[in-house]
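Take the given structure of chain H and dock chain A to it, following the hints.
Residue numbers (my numbering), protein chains in the order written: chain H, 54 to 530; chain A, 303 to 789.
Read the hints as simulated data drawn from the structure, not as lab findings. Keep in mind that the hints are not guaranteed to be accurate.
A few chain A residues that face chain H, going by a derived Cβ cut-off under 10 Å, partial list only [to be verified]:
| hint | residue |
| --- | --- |
| 1 | Ala534 |
| 2 | Leu535 |
| 3 | Asn619 |
| 4 | Tyr628 |
| 5 | Pro638 |
| 6 | Leu669 |
| 7 | Phe678 |
Stretch-level coverage of chain H by chain A, calculated; a stretch enters the list once three of its residues show a Cβ under 8 Å from a Cβ in chain A [said to hold, decoys possible]:
| hint | region |
| --- | --- |
| 8 | 87-101 |
| 9 | 140-149 |
If you're wondering where the values come from, they're calculated on a predicted model, not measured in any experiment. For glycine and all other residues, C-beta sits at the position ideal for the given N, C-alpha and C.
Here is what each chain is made of, one letter per residue.
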Amino acid sequence: MANQNWEAVIGLEIHAQLETESKIFSPDSAHFGGGDNEHVHPISLGMPGTLPIPNARAIEIGVKIGVALGCEINRRSIFARKNYFYPDLAKGYQISQFDEPLCRNGELAFFVGEQLHRVKIVRAHLEEDAGKSTHLGDATLINYNRAGVPLLEIVSGPDMRSAAEAAEYARMMRRVLRYLGACDGNLEEGSMRCDCNVSVRPRGQKELGTKVELKNLNSFRFIEKAIEYEIQRQIDTIETGGTISQETRLYDSTKNRTISMRSKEEAHDYRYFPDPDLLPVEVSQQQVSRLAGELPELPFARQRRLTEEYGLPFIDAHNLTEEIELADFFEEVARQSNNPRSAASWIMVELIRELNDSKKSISASPVSARHLAELVRLIDEGSISGKMAKTVFQEMWSSGSAPREIVQRQGLVQLTDEGAIGAIVDKIIGENAGQVAEYQSGKEKVFGFFVGQIMKATKGQANPEIVNRLLRERLKK
Amino acid sequence: MEFAELSTAVTAVRAKKISAAELAQEYLARARERGAEIGAFISLNDKAVDKARQIDHLIAKGQDPGPLAGACLGIKDLLCTDGLRTTAGSRMLEKFVPPYSATVVARLESAGAVTIGKTNLDEFAMGSSNEQSAFGPCRNPWDSTRVAGGSSGGSAAAVAAELVMAAIGTDTGGSIRQPAAFCGVVGVKPTYGRVSRYGIIAFASSLDQAGPMTKSVRDSALLLEVICGQDALDTTSSAQNVPRFVQQLKPQTRGLKVGLLKEYLSGGVDAAITKALERATAELRSRGAEIVEVSVPLTAMAVPIYYLVATSEASSNLSRYDGVRYGSRADFAEKPPEDLAEFYSRSRGQGFGPEVKRRIMLGTYALSSGYYDAYFRKACQVRRLLHDQFVAAFQSCDVILGPVTPTTAFKIGANIKDPLQMYLSDIFTTATNLAGLPGMSVPAGFDDQGLPVGLQVMAGHFQEQTMLNVGAALEEIFGQSGSPGRG
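Bound-form chain H, shown alone (with noise of 0.2 Å):
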């Protein structure tokens, strides 16, 4: 970690799959998966003649999280060939953008532990994914079914200081992008990919030191490890009288280094040049104010606003709103039972742990909003106790019924008439004339004693706020 005499300056390039039904310049399927090979229209694989043919929704989806991340988005802007050798590169070239970008001049708010952070972004652009090798000893396997997916490379400024500032800018940014439906940010697919450059410098110098671009994160653990032990080598390196290289390094989870991969030697120059195959990209001043009205509530503002609206506490309301349809789902419970934080709790506890158990999205919850805030309404209206609002939740997990039908097939109505708990009360006491002098001699210990054989003789269904009452005015006695 950094620490008194150094300080990190950390960039991101974060490589966002669209989701398209299509690739960014052919028909074929754009979607994850198929059979090796199966995606491949003569465009993808670059064939002889074959010429790119923009796909408008790729475009569109890169002005909306332009406009989402309050991006400047250019008029007019230009594909351009960036030329390399590489077999798993169709054509020799990737097409992308270079000097004209579709977006420019953003910015991204997120917090980090509660502290409000926000790192510009300095431009998005659009281009075709590359196939992928697989080294099998003397062999290479390509598969192109990836070839032409489309995607948008957002590169932020080099404004974070930490690693766990970095992750924290990644973690937000895949929320923003799920929030749009652009991209379904799953890093260890690949549809989210995060590069970071990494440099030190000493505290108060303003020149950047020589940065180390990272690749091969794919999870945001490793984003925050791997630039935790880039930072540290950095400093190690330069402290003991070694120089940093310019160079990509990898990361290499299950030891915990980054190891060299490419050293700026070897660096290509990549001849950029406007591609004659395409014309440049319009977008219209109308195109983006209606973009811009259909963006959904993005996640840093709904979660202020769960903060102030429904009183959550800070790491509920982050916690709630990671997911559009999660955030939904807790406004509905919300809403529906008038209690926000009853509701919060129920969701972050019992359904999350259900929902990551069986690996299932809220979306295909079988417990349904509606459902869910009903049961907080009969724990409200002391209905049931929170105790068996547990049972039935589990029920309810398991056969999707509502909560109020469980209760009545079950039989689970809560006991708070105070004639019946005495009575219940003055026979445990009765029977356990030896617990009652311990208890009375100072043991208070003794108090849950009575409880249990007070709950277990009417089956969990007495009130226990009442029980406590009861128990404890006859006790005295």
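Using the frame of chain H, we list chain A on its own:
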């Protein structure tokens, strides 16, 4: 069999006076025999007669076989043909059989045309003599010691020798017009964007354009009607309306302003060509055209700009030929490559010929960091100015008349050792490509050695009709050049 003119043959087929299958058989036989002598073809289409029978079948059933019914065509081997080998004149694609057809080919075939064969060309269309073909040169049918021109040499020679009724060529810097002039046929390069580039193996994307090579101006008009027009598969193709070129074709020049480009009249041109130009000027004037002098000073820079832009784009366009997915890969059985770089350099080193390598190196250099501004960017800027100067020149004239080439067809081997001299044979043709303008070569008699002379007509953007009408007038003045041995 005398069906040299495409329009005549199509009319006869449609009227059932002759069957498309008979025609296809006849032309296929000619292409096989005489074609082999001059090297006009790289591949012949075994399925040509079958395709022709389908046309006959349609006619027998009383269905419309299309405006090109039974037309026997040569297709430059740069245009992809579904199921028929397409080599680009290169070892690299010696065994490449595309699973799709170029839009131009698809449109011609659905109009009833029959592909007889794939015509010879300079490798990847890079050359001005057809000597750069990996499959041997194409000889000029008027004098087999001379070049047919390039890069569409096979198409020009096949039409001149009547091995096909007409052919399709492509023109990046003169590759239709120069061989058309050398072989005495009509060759039209349309406005950039008129004709879809889909399925045409790219040389320089911002310059390439396919067009017809025919015996008559009318035949070119007929083919243009079929191949022009917007194509969803090529976003640079234009939405401009395509006129009824044939219907509106008339050798009429009364009231037209014919420009003579000052910069193209400054000498260095064969006497026979100058004489033809003078005769054309006089005759057009006597037919009521007004002759005006115009100037486009930057045409002087056209060849250097062209060789920067074209090679830069080519260096990138040809990167895909790496031996990984298709095309030839070096034989690594004996000595496997040490690394990826060797894999590439051996496959590309063996697959490409010397002119292609030269241009890839030139283009790579012009795009390199540190040279980009001085070469590529500067060339693009001057190109824009050249375009603007042409647009201005066409404010004061309807067409520009001039030479196509400085000389008539040269001897095989004469320029092969001197690339710069070879490049200068494009001196009058590259400017139209850079400016995106249409241009055509029209036969204008012969020099004293009996070699065809061509004249060039250029017009403003999308003004092909005017250009064709002036071409038709020149055709009246000079007559068609006929065929060697037929006169």
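Structure-based check of each hint:
1. Ala534: It holds, given that the least Cβ distance between Ala534 of chain A and chain H is near 7 Å, below 10 Å.
2. Leu535: holds (6 Å)
3. Asn619: holds (9 Å)
4. Tyr628: For Tyr628 of chain A, the interface hint holds, since the closest Cβ of chain H sits about 7 Å away, which is under 10 Å.
5. Pro638: Holds, because the Cβ-Cβ distance from Pro638 of chain A to chain H comes to roughly 8 Å (cut-off 10 Å).
6. Leu669: holds (4 Å)
7. Phe678: Given a least distance of 6 Å, the restraint on Phe678 of chain A holds.
8. 87-101: holds (count 5)
9. 140-149: It holds: at least three residues are needed, and the region 140-149 of chain H offers 5 whose Cβ sits within less than 8 Å of chain A.
When each numbered hint is compared with the structure, no violation occurs for any of them.
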